[in-house]
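Visitor: Starting from the known structure of chain A, arrange chain B on it as the hints suggest.
Taken in order, these protein sequences are the chains called A and B.
Our numbering numbers the first residue of the first sequence as 2 and each following residue consecutively.
Our numbering numbers the first residue of the second sequence as 21 and each following residue consecutively.
Please note: incorrect hints may appear among the correct ones.
Unchecked claim - Taking lysine to aspartate or glutamate and the DMTMM-like style, the derived pairs with C-alpha atoms no more than 25 angstroms apart in a straight line are: (1) Lys65(B) with Glu142(A); (2) Lys150(B) with Glu93(A); (3) Lys187(B) with Glu160(B); (4) Lys251(B) with Glu218(B); (5) Lys187(B) with Glu87(A); (6) Lys217(B) with Glu180(B); (7) Lys106(A) with Glu87(A); (8) Lys135(A) with Glu122(A); (9) Lys217(B) with Asp121(B); (10) Lys270(B) with Glu122(A); (11) Lys187(B) with Glu142(A); (12) Lys82(B) with Glu246(B); (13) Lys65(B) with Asp144(A); (14) Lys187(B) with Glu93(A); (15) Lys270(B) with Glu87(A); (16) Lys150(B) with Asp144(A); (17) Lys208(B) with Glu133(B); (18) Lys66(A) with Asp191(B); (19) Lys66(A) with Asp192(B); (20) Lys106(A) with Asp139(A); (21) Lys150(B) with Glu56(A); (22) Lys251(B) with Glu214(B); (23) Lys106(A) with Glu56(A); (24) Lys150(B) with Glu87(A); (25) Lys135(A) with Asp191(B); (26) Lys150(B) with Glu142(A); (27) Lys135(A) with Asp151(B); (28) Lys187(B) with Asp144(A); (29) Lys150(B) with Asp146(A); (30) Lys187(B) with Glu162(A); (31) Lys65(B) with Glu122(A); (32) Lys150(B) with Asp139(A); (33) Lys65(B) with Glu93(A); (34) Lys150(B) with Glu162(A); (35) Lys187(B) with Glu56(A); (36) Lys270(B) with Asp191(B); (37) Lys270(B) with Glu93(A); (38) Lys208(B) with Glu220(B); (39) Lys150(B) with Glu122(A).
Read the hints as simulated data drawn from the structure, not as lab findings.
Listed here are the chains, written in short residue letters.
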Amino acid sequence: MKPLYYSLSVPVLVATAHGAQFLTVDQAQRSFFPGADSFVEKQLELSAAQTTQIETRSRTRMRLKRFRVWEALAHEQRMGVVIVDEVYGKHEFITYAMAIDLSGKIAGVEILTYRESYGGEVRRAQWRGQFVGKSAGDQLELDRDIRNISGATLSCQHVTEGIRRNLALYHVALANN
Amino acid sequence: MFYRSLILFMALLTVLALSAPLLLTPARADENLWGYLYGTDTLPKGSSEIYNWLTLRTGKGKGTYRGWDEMLELEHGLTDRFQASFYLKGRSHRIAGGALDDDPGRSLNRSLEFNGVNVAFKYNLLSVYKDLFGLSLYLEPSYSRIHGVTGERMSQFGLETKLMLQKNFFDDQLALAYNLTVEPEWAKFKASGEREKELELEHTAGASYRVMPNWFLGLEGRYHSEYPEFKAREHGAYFLGPNVHYGAEKWWFTFTFLPQIWGRPHIANRGGGNLHLGEHERYEFRLKIAYVF
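Looking at chain A on its own, in the form it has when it is part of the complex:
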């Protein structure tokens, strides 16, 4: 008796690679700051005190202490910064980029890679557009000033928390540099 051979089931072991990179970092940078003529990468390493400050301000947990940040420059004048970050999806990491202008407001959010079964709706321009113009003074809470997407709650929640954390990061470690 070999139950697997007599299985009622249809074959279900179908592993496909539907996960995708939707934008490169370079493409995201240019979409945020089309007038920029260069993007200068900075490796940002946070101190313990900065980490605590960011966690307190953002009400989130800091998983990383190093960040990839680019300064957008036009004619050597700073236009803003681009932060590339990743947050937990259900199985893998969701990689996204966000831009903050010199006034400390969000200039854009782009999902760079997404490999989950569900929740890909966070890529929708309408959902990402909610963040534009928001700053550290805003709540950035799901179901308050950020609309949730039915069926994509985990992704909405984690991306929203990540953006809130990066706004705090900007104020603690980048705004005055």
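Guide: Frame of chain A, contents of chain B only:
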């Protein structure tokens, strides 16, 4: 009093499951982190999963005993908080050498046969990702035609009701869950014409931790007890074991090994001094493989 409370509890669950289309938040996906324990997620509207469940129950402390249970489940999200499932069930047995205490002469070597159908409904009331904890209700009417332990032909109807709780920590890397399951069953045996009814009560709890992208390791425990004729408890057994879960974009699997660690009443001359090997077995293994579409 106890039974009246259970019946009230089941009635409450049923009413809530069928009439709660109004509340609160949606969840995300009913991917099974555990083999026996359920999380509170439901499938998003319009999405589907097909699962194959394969369970091996083995070890009666005497003779040879292997019971294979197989289910093919199709699950569909009707709304973002309400999902329905349909199950086709199969069952096979290998029984020899006096493995059954109640019927030592019974010998059976039967290949996989159709064992009936289940339908199930799951409603998510609180999202584990947004609310203080996740909460879902579950209702599963079932029909079975082969007895799980003896392999006897029968007609059995069951109504499983389940309360599910889940709490996540560390950005949802760690999930803790608990299920309370109450299931009355009514059976008629084909050969003898004998009828029986019983109540099954089960507590299930576990933890699952995402150790690296795609991979989760967990532990689950289960207490199962039965009350024939809805009266006194006939037996109860505890199971505890590890599980591994792998999830990718289009498919996932979960494997659980669940040995019995304590059970009563103990049946003499069978070894396993602290185990109940009459209605249960020494070891259970379960593999679930699902395709997402």
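Visitor: Hints first: check each against the structure and report whether it holds.
Guide: Hint check:
Pair hint Lys65(B) plus Glu142(A) holds up; C-alpha atoms about 24 angstroms apart against a cutoff of 25 angstroms. In summary, the hint linking Lys150(B) to Glu93(A) is supported, as the alpha carbons are separated by about 20 angstroms, within the 25 angstroms threshold. Of the supplied pair hints, the one linking Lys187(B) and Glu160(B) holds, its CA atoms being roughly 23 angstroms apart against a limit of 25 angstroms. In summary, the hint linking Lys251(B) to Glu218(B) is supported, as the alpha carbons are separated by about 8 angstroms, within the 25 angstroms threshold.
A distance of roughly 23 angstroms separates the Cα atoms of Lys187(B) and Glu87(A); the hinted pair therefore holds under the 25 angstroms criterion. This hinted pair checks out: Lys217(B) and Glu180(B) have alpha carbons roughly 14 angstroms apart, not beyond 25 angstroms. For the suggested pair Lys106(A) and Glu87(A), the alpha carbons sit about 20 angstroms apart, so the restraint of at most 25 angstroms is met. Restraint check: the Cα-Cα separation between Lys135(A) and Glu122(A) comes to about 21 angstroms, which is no more than 25 angstroms; the hinted pair holds.
With a C-alpha separation of about 21 angstroms, the suggested pairing of Lys217(B) with Asp121(B) holds against the 25 angstroms cut-off. Restraint check: the Cα-Cα separation between Lys270(B) and Glu122(A) comes to about 16 angstroms, which is no more than 25 angstroms; the hinted pair holds. The suggested pairing of Lys187(B) with Glu142(A) holds, with an alpha-carbon distance near 19 angstroms, which does not exceed 25 angstroms. Straight-line distance between C-alpha atoms of Lys82(B) and Glu246(B) comes to about 23 angstroms, which keeps the hinted pair within the 25 angstroms bound.
Note on Lys65(B) and Asp144(A): the hinted pairing holds, with a Cα-Cα distance of about 19 angstroms set against a maximum of 25 angstroms. Distance check on the hinted pair: Lys187(B) and Glu93(A) sit about 20 angstroms apart at the alpha-carbon level, within 25 angstroms; holds. Annotation: proposed proximity of Lys270(B) to Glu87(A) holds, straight-line Cα distance about 21 angstroms (limit 25 angstroms). About 9 angstroms separates the Cα atoms of Lys150(B) and Asp144(A), which keeps this hinted pair within 25 angstroms; it holds.
For the suggested pair Lys208(B) and Glu133(B), the alpha carbons sit about 19 angstroms apart, so the restraint of at most 25 angstroms is met. For a cut-off of 25 angstroms, the pair hint linking Lys66(A) to Asp191(B) stands: about 16 angstroms separates their Cα positions. In summary, the hint linking Lys66(A) to Asp192(B) is supported, as the alpha carbons are separated by about 20 angstroms, within the 25 angstroms threshold. Of the pairs offered as hints, the one joining Lys106(A) and Asp139(A) holds, with about 10 angstroms between alpha carbons and a cut-off of 25 angstroms not exceeded.
For the suggested pair Lys150(B) and Glu56(A), the alpha carbons sit about 19 angstroms apart, so the restraint of at most 25 angstroms is met. Between Lys251(B) and Glu214(B) the alpha-carbon distance is near 18 angstroms, which keeps this suggested pair within the 25 angstroms criterion. Using a Cα cut-off of 25 angstroms, the hinted pair Lys106(A) and Glu56(A) holds, with the two alpha carbons roughly 19 angstroms apart. The straight-line distance between the Cα atoms of Lys150(B) and Glu87(A) is roughly 20 angstroms, inside the 25 angstroms bound, and the hint therefore holds.
The straight-line distance between the Cα atoms of Lys135(A) and Asp191(B) is roughly 23 angstroms, inside the 25 angstroms bound, and the hint therefore holds. Taken as a hint, the Lys150(B) and Glu142(A) pair is honoured in the structure, with Cα atoms around 10 angstroms apart against an allowance of 25 angstroms. Between Lys135(A) and Asp151(B) the CA atoms are separated by roughly 24 angstroms; this keeps the pair inside 25 angstroms, and the hint holds. In summary, the hint linking Lys187(B) to Asp144(A) is supported, as the alpha carbons are separated by about 19 angstroms, within the 25 angstroms threshold.
Distance restraint check for Lys150(B) and Asp146(A): the Cα-Cα separation of roughly 14 angstroms lies within the 25 angstroms cut-off, and the hinted pair is therefore satisfied. Restraint check for Lys187(B) and Glu162(A): satisfied, since their Cα atoms lie roughly 18 angstroms apart, inside the 25 angstroms limit. The straight-line distance between the Cα atoms of Lys65(B) and Glu122(A) is roughly 13 angstroms, inside the 25 angstroms bound, and the hint therefore holds. Distance hint between Lys150(B) and Asp139(A) is fulfilled; the C-alpha atoms sit about 19 angstroms from each other, no more than 25 angstroms.
Simply put, Lys65(B) and Glu93(A) have alpha-carbon atoms about 22 angstroms apart, close enough for the 25 angstroms limit, and the pair holds. For the hint linking Lys150(B) to Glu162(A), the alpha-carbon distance of about 12 angstroms falls within 25 angstroms, and the restraint holds. The suggested pairing of Lys187(B) with Glu56(A) holds, with an alpha-carbon distance near 21 angstroms, which does not exceed 25 angstroms. Simply put, Lys270(B) and Asp191(B) have alpha-carbon atoms about 22 angstroms apart, close enough for the 25 angstroms limit, and the pair holds.
Pair hint Lys270(B) plus Glu93(A) holds up; C-alpha atoms about 13 angstroms apart against a cutoff of 25 angstroms. Using a Cα cut-off of 25 angstroms, the hinted pair Lys208(B) and Glu220(B) holds, with the two alpha carbons roughly 17 angstroms apart. Between Lys150(B) and Glu122(A) the alpha-carbon distance is near 17 angstroms, which keeps this suggested pair within the 25 angstroms criterion.
Violation of the numbered hints given earlier is absent; every hint is satisfied by the structure.
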